[in-house]
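Asks: Letter by letter, the chains look like this.
2 protein chains.
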Amino acid sequence: MQLLVYLPSIASLLFCLNHLLPPVIKSWVPFSPFGPSHASAPWQDVAAEKRRRDMAKIPSEWRLPQKVIDEAGQRRSVADEFIESLLDPDSRFLTGLEVPALMEMTANGSLTAVRLTTAFCKRAAYAHQLNHNLLEIGFDSAIEQAKSLDVFREVHHRPAGPLHGLPITMKDQFHVKGMDTTMGYVGWIDSFEGNKSSERKHRDESEIVRKLRSLGAIVIAKTTLFGETNNNILGYHWNPRNQQLSSGGSSGGEGAMQALRGSALGFGSDIGGSVSMPAAFNGVFSIKPSVGRLPTLDMPNSVSMPDSKSRRFCNLPIALSPGQINIPTVAGILGPSIASLRYTMEALLFSEPWLTDPAVLPIPWRKSLEADCVGKLSFAFMDFDGVVRPHPPITRALNMVKDALQAAGHEVIPWDGPSHAQALAIHAAITSADGSYDVFEQLKLSGEPLIPQLAPDFPGSKPGPVKNAIEVEEVVLKLKKYRVDYRNYWLSTANCTMTGKSNSVSKFGPCQSLLTSSGFLGRPIDAVILPVVPSAAVIPGKLFHYDYIASANVVDYTTLVVPVTRADRSIDIPDPNYVPVGEVDKKNWEAYDAGIYHGAPAAVQVLGGRLEEEKLLAIGQVVTEALKKYYNF
Amino acid sequence: MQLLVYLPSIASLLFCLNHLLPPVIKSWVPFSPFGPSHASAPWQDVAAEKRRRDMAKIPSEWRLPQKVIDEAGQRRSVADEFIESLLDPDSRFLTGLEVPALMEMTANGSLTAVRLTTAFCKRAAYAHQLNHNLLEIGFDSAIEQAKSLDVFREVHHRPAGPLHGLPITMKDQFHVKGMDTTMGYVGWIDSFEGNKSSERKHRDESEIVRKLRSLGAIVIAKTTLFGETNNNILGYHWNPRNQQLSSGGSSGGEGAMQALRGSALGFGSDIGGSVSMPAAFNGVFSIKPSVGRLPTLDMPNSVSMPDSKSRRFCNLPIALSPGQINIPTVAGILGPSIASLRYTMEALLFSEPWLTDPAVLPIPWRKSLEADCVGKLSFAFMDFDGVVRPHPPITRALNMVKDALQAAGHEVIPWDGPSHAQALAIHAAITSADGSYDVFEQLKLSGEPLIPQLAPDFPGSKPGPVKNAIEVEEVVLKLKKYRVDYRNYWLSTANCTMTGKSNSVSKFGPCQSLLTSSGFLGRPIDAVILPVVPSAAVIPGKLFHYDYIASANVVDYTTLVVPVTRADRSIDIPDPNYVPVGEVDKKNWEAYDAGIYHGAPAAVQVLGGRLEEEKLLAIGQVVTEALKKYYNF
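The listed protein sequences derive, respectively, from chains A and B.
Reading the first sequence from the start, the letters are residues 1 to 633 in the UniProt record's numbering.
Reading the second sequence from the start, the letters are residues 1 to 633 in the UniProt record's numbering.
Among the hints, a few may not be true.
Since the list gives no way to pick out one identical chain from another, each pair is judged satisfied if it fits inside one copy or across any two copies.
No farther apart than 27 Å at their CA atoms in a straight line, the calculated lysine-lysine pairs in the DSS-like style are these [unchecked claim]:
(1) 481 / 201
(2) 628 / 376
(3) 542 / 478
(4) 478 / 196
(5) 376 / 402
(6) 444 / 50
(7) 177 / 481
(8) 367 / 542
(9) 478 / 444
(10) 478 / 201
(11) 481 / 196
(12) 542 / 50
(13) 196 / 444
(14) 402 / 177
(15) 201 / 444
(16) 481 / 444
(17) 177 / 478
Keep in mind that the hints were calculated from the coordinates and are not lab data.
Extracted from the complex, chain A is given alone in its bound form (with noise of 0.2 Å):
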């Protein structure tokens, strides 16, 4: 399958055509491209030091020439073609492959670990050298391991795991062994989480990398992250396939790994949206699954270690705390296709993570769930929640999903659920009840400043108000209240759809799920159609509203992204005539410019039930296929 689904117009010829930035980017571009341009300061020195230490553990063979720095810095993608351009034929076909063809050539042995490996290092080295993602490079090792594999795989007749030999990415939130863990703190910089004398120090493994070793993957590279994407080390983080515009955050250095193809699947975390708006904004899968489905043990904000001083933030836009767990901190999969997803989701669950995570429910990959989607499937769908409405490639994407699956026989009806904002709402009340003191130790720990995107949230460049115990409850009562609503509102779908028509089980027709195997209810939908964001991509700093997707964690619903088409400014156009409905919306409204989001990634949201993982991916298989099929790719 292919990464992403073009629209077959003109509007691609054109976009090469078009590749070059507008002379405007310079005017707006809040940083320079590669490291902050603060004035000189100790953290800068050390920011700068781990800037060139990283850049020197890429061979000089993967080093591009400057000419193609140039080149690259002057254009609007350095996605896709450009990158490819740039490999041997050998690195391009094999870093264009999906996870489950790579896993069966490396485990039938007609591919070895090291040669895989060393393929995706290869990308990954050129894509962060045209795009600046890496936080932490581990070429080395990873071949190392890759060789060990190999060798244990010719020993043995059989690879090591289902994921033999998988070259992985994750975001710098994860601890990996001989590996910094910055989170984007220049004070974690060389130290376990900003503690530099800790016998823990590039030792310890968060929870999931232990399990995703087990099966045979290899990290080779850990990724940038933060505020959209921002930090004091690697600076603003540009979208590789539109680099006028943001990754998005907090996972924006694996969004853009996997646009580039530098790993063959990576590794993000999610409490309000920062798996999924990184995988839109740069084109990619993503899944991020309910709360408890894969391990977040040792991750730095999940779990409290004996010689760690206080708790640790990570995700974005907004701060919190591990200790908060009315609405947990997710690890999600970033990659080029579902089936990518889905294999890896597969072989984690077969790890058995909840006998190591207490966290983590015992619930095994369930294939009846994936078995039962086949037929006609119910969709709800929803191109505008009432409040911010979508810029024009966003609402043309989830229009083609739309036509695609009422194409396919499939039903598409209207979703009027639970309102968003308030789920939005909830979720603020919640992730910033401890006022977010954790950033403020971490960046004292180096003297660095808050980053920018943050400030507004911290008036005065300090810890926000502190909710107590009985304010924090008083919230948590409306999300339960809330998660109550909006599941009945699901359920009340059954009285519209045609599938729900009958109250008979067996006529509920071919996708027997967990919402339809009860006997007592019509067939509600099986999944919603939405927006991740109102814009493909964004302009730094042009986000106003994350309700659409920030409400999938409240409710604590799968939720996949599927990216669609790019942004096109000759069938992009704005109504003229378009009156917002309120302040937001026209901000919105008012950020969008077809020339600068031409070429940026559009995606969609699919949410499915909580805990429904299995379903929903082969949901998000019918969706491409659709999509595939209806405009005959």
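With chain A held as given, fit chain B onto it using these hints.
Replies: For chain B alone, coordinates are given in the frame of chain A:
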């Protein structure tokens, strides 16, 4: 299976000769057995009127003669042969049967719902007159429902559901149509959560009640509750098997009702032993599932109601609010046998409660977990936590279980896991975070005083100090770490078990469970045998140590209570040379009085992994069968 496994000694003979209360009792009874004895006040009139109203719901033909009541007041136990001697043979026969047998009879039509319900209502009426344990009586409507069920069966030639006509009781924390829910608050009488004019009064039902009803069950009455169990409506609640002792809290009325067999099964709620303690004290079986297995939606302390002004308090020994979900309240089941609990759990999960309660996990009943638990099992055993040594009856019960298991070929190894005292400290810090201010809001409704059992926790009879969000998060980090430590210790037992000696999955033996199917670990223990509390029931005011039982909620593991024997003054003689290890141990040891405790049920706790309800119930069956076989019943 018998309700209790009696020790086959002459003690049981002695017991019959010694059923009368020793004269000492009056001197330490803090309250009259029926209703508090404060000076007259408006709230007292309301409570008295409620008591009269409830008593009036008992038909005159089911009223016990004053002579019987008087005799009962002088007896040690009013359960077992005493209450049975009062019943007609048919009622005695039917109320002596377990849930699966009863449901087979109502399903095949050999028993009508009306006959069954009438039998239990009659026995419940006797139970209340002897033990004052009902806060609401609904015999009339129960028999009406039974009639409808009989009509359904006649028309459709099948039962309405797997619980067709099952008469059950609910702790007075669940909303049931047509009934008061008081939570023990005088201010809640004739109201919806304190709001007397609410349209929802006597109309709303808690989700678990809706589910039970949909399965065919009939709620015949609601049982008394609150700390130890005491409230200002019914007063202090005595243990029906030893009227000098407490029935435990906070589901004490339900424990007593099960001991008296006034319903076929009962439901309680648990935040830190509130189901397990009453089950143990009254000598009945119970299961406290992990969070998310049974619905808690629309329980007064579990979800916000639109017209409810504040949050609700219910559990003891520690107060908490429904907005506190770091350690949430769970619903638990109390009944006459493991088979009864198992049958009901399976039926409830058959109703797919996750469809309508978003907090319920989509985990159906897993027969595979049960089927695997045959053959040799490994148990860990803890008879002393190093802090408070159990009284002789509990130590004897523990050893009886150990001996029986070993005789049946199972392995028993020592348990030396993470400190339960640490767990209790975490528990207390989390559940008291909001200062339990809500209790005082509810007391204000009527002007009733705080019950004396809670007074020591609230100096000056006002809410405790309130933590801020940062302080709460700090405790949650400890909670998360404790859970990891506990899990790791549990897994580490694979190094100590015979069954864990091999690292090969195929050699693990027959019990392939969640814990053993990974292939990465040897097989750890299957369950832990430990005390519930250090005494067999308890002399009022003398329960000093909740650590053995509250830990189960801290780690969110499933726990069963299995009654084993009865305290026996002729053999449970304390070692006069025992040197207490600390202050609490000393207080507890000194509180033991073989004469007073004589006849009190002595139970053990069987602790299983998180969300392993199916497995643990299968193990509970193994334990009870081992006891039956070894002690030759």
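Asks: Indicate, hint by hint, whether the structure satisfies it.
Replies: Hints, one by one, checked against the model:
Taking the shortest alpha-carbon separations for residue 481 and residue 201, only the inter-copy value of 19 Å comes in at or below 27 Å, while the best intra-copy value is 43 Å. Taking identical chains as interchangeable, the C-alpha atoms of residue 628 and residue 376 lie at most 27 Å apart only when both belong to the same chain, with a minimum of 17 Å there against 55 Å between chains. Taking CA atoms no more than 27 Å apart as the test, residue 542 paired with residue 478 passes in neither setting, with 29 Å inside one copy and 39 Å between copies. In this assembly of identical chains, the alpha carbons of residue 478 and residue 196 lie at most 27 Å apart only when taken from different copies (23 Å versus 42 Å within one copy).
For the homomeric pair residue 376 and residue 402, the shortest alpha-carbon distance inside one copy (14 Å) is at most 27 Å, but the shortest distance between copies (57 Å) is not. For the homomeric pair residue 444 and residue 50, the shortest alpha-carbon distance inside one copy (18 Å) is at most 27 Å, but the shortest distance between copies (62 Å) is not. In this assembly of identical chains, the alpha carbons of residue 177 and residue 481 lie at most 27 Å apart only when taken from different copies (21 Å versus 42 Å within one copy). Taking the shortest Cα distances, residue 367 and residue 542 never come within 27 Å of each other, neither inside one copy (42 Å) nor across copies (53 Å).
In this assembly of identical chains, the alpha carbons of residue 478 and residue 444 lie at most 27 Å apart only when taken from different copies (24 Å versus 35 Å within one copy). In this assembly of identical chains, the alpha carbons of residue 478 and residue 201 lie at most 27 Å apart only when taken from different copies (22 Å versus 41 Å within one copy). For a Cα distance limit of 27 Å, the shortest separation of residue 481 from residue 196 across copies, 22 Å, qualifies, whereas the shortest one inside one copy, 45 Å, does not. Proximity of residue 542 and residue 50 under a CA criterion of 27 Å is satisfied in neither setting, with 30 Å inside one chain copy and 62 Å between copies.
In this assembly of identical chains, the alpha carbons of residue 196 and residue 444 lie at most 27 Å apart only when taken from the same copy (14 Å versus 55 Å across copies). In this homomeric assembly, residue 402 and residue 177 never come within 27 Å of each other (Cα to Cα): the closest approach is 45 Å inside a single copy and 44 Å across copies. In this homomeric assembly, residue 201 and residue 444 come within 27 Å of each other (Cα to Cα) only inside a single copy, at 20 Å, whereas the closest approach across copies is 55 Å. Taking the closest pair of Cα atoms, residue 481 and residue 444 come within 27 Å of each other only across two copies (26 Å); inside a single copy the shortest separation is 39 Å, beyond that limit.
For a Cα distance limit of 27 Å, the shortest separation of residue 177 from residue 478 across copies, 25 Å, qualifies, whereas the shortest one inside one copy, 41 Å, does not.
In terms of the numbered hints stated before, the structure departs from hints 3, 8, 12 and 14, listed from lowest to highest.
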